[in-house]
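Using the hints provided, position chain C relative to the given structure of chain G.
Chains as they are written, first to last, in our numbering: chain G, 1 to 407; chain C, 408 to 496.
Treat the hints with caution; some may be incorrect.
One side of the interface only, derived from the structure: several residues of chain G facing chain C at Cβ under 7 Å [unchecked claim]:
| id | residue |
| --- | --- |
| 1 | 155 |
| 2 | 165 |
| 3 | 168 |
Have a look at the derived ranges for each label pair, beta carbon to beta carbon [what the hints assert, rightly or not]:
| id | chain 1 | residue 1 | chain 2 | residue 2 | range |
| --- | --- | --- | --- | --- | --- |
| 4 | C | 447 | G | 292 | 49 to 59 Å |
| 5 | G | 268 | C | 447 | 51 to 61 Å |
| 6 | G | 321 | C | 434 | 37 to 47 Å |
The hints are simulated quantities; they were obtained by calculation from the structure and are not laboratory data. Virtual Cβ for every residue (Gly too), placed ideally from N, Cα, C.
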Amino acid sequence: MGLFDKHLAYREAYQAIRQAGADPFNVRFDSVVSPTEGTIDGLSVILLGTNNYLGLTFDPEAIASSVKSVQERGTGTTGSRIANGSFEAHVELEESLAKFYGRKSTMVFTTGYQANLGVLSTLVGRGDHLILDADSHASIYDGARLGHAEVIRFRHNDPEDLYKRLRRLKDVPGERLIVVEGIYSMMGDTAPLKEIAAIKREMGGYLLVDEAHSMGVLGETGRGLAELEGVEADVDFIVGTFSKSLGAIGGFCVSDMDDFDVMRVICRPYMFTASLPPAVVSSTVTALRRLEEQPQLRHKLMANARRLYEGLSALGFVTGPAASPIVAVVMPDQERAIAMWNMLLANGVYLNLALPPATPDSRPLLRTSVSAAHSEAQIDRVLEAFAQVGAQLDVIEAPKQRASACG
Amino acid sequence: MGAALGMDVVTDLTLHEIGLAASRVLGRAVEVTDDTHIGRDLAVDSLALMNIMLELEGHFDISIPLDRLASVETGGDLSNLVTDLRNRA
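Only chain G is shown next, with the shape it has when bound in the complex (with noise of 0.2 Å):
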């Protein structure tokens, strides 16, 4: 027996799917000139699965705060916060975050998926209750699997089986942390959050809200889907990231709690790795400002998507259950979802494959996420593609054959 036998039913899956055309998971940018267009072996694609919300990786100002910070402050901290302290551009991506979320305390975590990590160990454990979606990003259950609370999950945006779970603890000592998403990210569906505030506020325990995809996208002033549905004063903590709406890396939590800032010297997946290089929380700080400054990206964003949305339902197409900057096609079969991936690169559209298990329901996916920065004219031509190649596949009904049952 070696070591890697056990996974040699993965290796013999992703064969399958590699011989099936170009590698999915291993696609290979020859570059990427905007944040919206790049190449692919020579070929020009319009570039559809990036999570680049605002488009504000190539943002004039984001980058020049970036050069400059790199050239002030070199290319890396070469330690964690607590051994090598601090840059003040840290503390001051944290105090703008603290700002624009009207909260006291924020964290900054390395990457997103630490901040789950890192959180979801710490404010729970032994004798507690961790209470998840079931569709949660894997950074949550292995956040989960990291701390030592009990570990229960409910049914994917069921308020009515939360409750069943929060009244089966009853009496049963330990607190009660209840997680969920602003936008879960494969079928980009929101979390019925004035519903689950209700239910925190009958049963207690406290909520967190990962806006991971929801930041910058939903909410009057893009604070995320706890501000549109008007229950901010109920989520303890938000957690969020940097590497999508604000078009670098990281993570972030914050909240109104005392004593919130004792996770710094107990948080480990804070404590012992290397924080963030200046030029990254510098092009952050900038990009949280962009944000801020210009709520016409989210009005953009939110026309692309329905854009996309409605012109996929229009052809036939199997989308998620309302229009989102994540556009998911639900796929007939794993086959024809990896040709179609295929076809699509070749028509010059990049998106994302996603295949069960990573996937609700066991459907394979084929994944959009949309930007402010794109174009109509390349919402329509990727529409193009899609009836173009879907029709070729038997996913949708051929043009003609629409038309003539519209008819």
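Relative to the frame of chain G, chain C by itself:
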């Protein structure tokens, strides 16, 4: 004697419910016995196993903590776990 018989009946009923839950999730009829190896014999991946748990949790009005699942390999293991959690409730 009577108590032992009663326990057997409970176990059988629990196994029957596990079979029903697995059939619903997998979309095919399966039978689960004490010795059924859930991963191997039922060809259940981690996601389907989680969904079977959700079905069982709803049916028996229990919550199955994730760490308790680590030790579950067979139908018998799962049946014992469900029974244990029902008694705790």
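We went through each hint and held it up to the structure:
no. : hint                        : in the structure
1   : 155                         : holds, 6 Å
2   : 165                         : holds, 5 Å
3   : 168                         : holds, 5 Å
4   : 447(C) x 292(G): 49 to 59 Å : holds, 54 Å
5   : 268(G) x 447(C): 51 to 61 Å : violated, 36 Å
6   : 321(G) x 434(C): 37 to 47 Å : violated, 22 Å
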